[in-house]
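**Student:** Below are the chains, spelled out letter by letter.
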Amino acid sequence: MNNRLRVLRAERQWSQADLAIRLDVSRQAVNAIETGKHDPSLPLAFRIARLFDMKIEEIFDDGHD
Amino acid sequence: MMAMTEEETTGSAARNAAGLLLSGALGLFLLGVVTGIATNWISGDAVKIKAAIVFAICVPLGIASALGARHFLKKLNGGAVSSSTRKSRLAVQLAIAAGVLGGMAAGITNAFGMEFALFSNAPAPALAVISLIAVWCLLAPALSIMWWRHIDEHEKAAYSSSALIALNAYSIITPGWWLLWRGGMAPAVDPMIVFLSVITLWGAVWMVRRYA
Numbered sequence: 001m002n003n004r005l006r007v008l009r010a011e012r013q014w015s016q017a018d019l020a021i022r023l024d025v026s027r028q029a030v031n032a033i034e035t036g037k038h039d040p041s042l043p044l045a046f047r048i049a050r051l052f053d054m055k056i057e058e059i060f061d062d063g064h065d
Numbered sequence: 001m002m003a004m005t006e007e008e009t010t011g012s013a014a015r016n017a018a019g020l021l022l023s024g025a026l027g028l029f030l031l032g033v034v035t036g037i038a039t040n041w042i043s044g045d046a047v048k049i050k051a052a053i054v055f056a057i058c059v060p061l062g063i064a065s066a067l068g069a070r071h072f073l074k075k076l077n078g079g080a081v082s083s084s085t086r087k088s089r090l091a092v093q094l095a096i097a098a099g100v101l102g103g104m105a106a107g108i109t110n111a112f113g114m115e116f117a118l119f120s121n122a123p124a125p126a127l128a129v130i131s132l133i134a135v136w137c138l139l140a141p142a143l144s145i146m147w148w149r150h151i152d153e154h155e156k157a158a159y160s161s162s163a164l165i166a167l168n169a170y171s172i173i174t175p176g177w178w179l180l181w182r183g184g185m186a187p188a189v190d191p192m193i194v195f196l197s198v199i200t201l202w203g204a205v206w207m208v209r210r211y212a
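Chain order of the listed sequences is A and B. For the first sequence, the numbering used here assigns the number 1 to the initial residue and increments by one for each residue that follows. For the second sequence, the numbering used here assigns the number 1 to the initial residue and increments by one for each residue that follows.
Misleading hints may appear alongside valid ones.
Not the full set, but computed from the structure, chain B residues with beta-carbon under 8 angstroms of chain A [said to hold, decoys possible]:
hint	residue
1	81
2	82
3	152
4	155
5	190
6	210
According to the in silico footprint, chain B covers these stretches of chain A (three or more CB under 8 angstroms from chain B) [to be verified]:
hint	stretch
7	34 to 47
8	51 to 62
The set of hints was computed from the structure by calculation and includes no laboratory data. All residues carry an ideal CB built from backbone N, CA and C; glycine is no exception.
For reference, chain A alone in the conformation it holds in the complex (with noise of 0.2 angstroms):
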């Protein structure tokens, strides 16, 4: 799944272990979800949703319209 954690996290210049502790995950798993080797569960997309203030339609994209 695609999304766009990197460049958002990059727009308020936030290492990955800034996001990892903001949501409460270790970094590892932040850099799995930006690569795409891990897809988040449910609540874990909606506390990243939540920490942007977007939908998660907006930070992830399954590649259907």
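We have chain A; now place chain B onto it with these hints.
**Tutor:** Chain B only, in chain A's frame:
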């Protein structure tokens, strides 16, 4: 703090994971050497000058390896961490410390005439067996629960998928070996060899899934 690029993150993670594996393996090897020589010392056997020199070299090298492993682990984990990550890491560190201390204790008990080798099928003294069962059946589950409660979903996924691979390996190794034994082509199945192989595979796959 600005984020690293994807290539930088992946590359440095791979380098740090390799560094952690190498320094950890070296540290464990040196710990084994130190334990062996210390065992001889305690048991009163004559320690040759060569062994004393090896001991003197291995102790600082072992400490350096442990510090190296800590350094790579810190870099791998990337500075500040969330509170749940801190707690899960504490559980892993306690488990490693218990394992190292247990291994050293098993080595050194030889010095007191207990004739106890942890990874062998030889009969063992009841006291040592009861102590190990207590540690394995109480401490290990307690640490596992503590760790599991504080890991994030990415680590849970890494752990679960590596567990599935390990289970598949177990279901291939054990019957395969057993059939070879029945056909007279191999010695009887050694449960500890199977156990250690499966656990090693589990840990290796978990590490790749989590850090690579």
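**Student:** All the hints need checking, so say for each whether the structure fits it.
**Tutor:** Quick rundown of the hints versus the structure:
The closest approach between the C-beta of residue 81 of chain B and any C-beta of chain A is roughly 7 angstroms, which is under the 8 angstroms cut-off, so the hint is satisfied. Evaluation of the residue 82 of chain B hint against chain A yields a held restraint, the C-beta minimum of about 4 angstroms falling below 8 angstroms. Look at residue 152 of chain B: its Cβ gets to within about 4 angstroms of chain A, closer than 8 angstroms, so that hint holds up. Hint status for residue 155 of chain B relative to chain A: holds, with the closest Cβ pair at about 7 angstroms, below 8 angstroms.
A cut of 8 angstroms between beta carbons decides the hint on residue 190 of chain B: the least distance to chain A is about 35 angstroms, and the hint is violated. Interface hint at residue 210 of chain B: satisfied, since its Cβ lies 6 angstroms from the closest Cβ of chain A, which is below the 8 angstroms cut-off. For the stretch 34 to 47 of chain A, the stated coverage by chain B holds: 6 residues have a C-beta nearer than 8 angstroms to a C-beta of that chain, and at least 3 were required. Against chain B, the stretch 51 to 62 of chain A contributes 0 residues with a C-beta closer than 8 angstroms to a partner C-beta. That does not satisfy the three-residue criterion, and the hint is violated.
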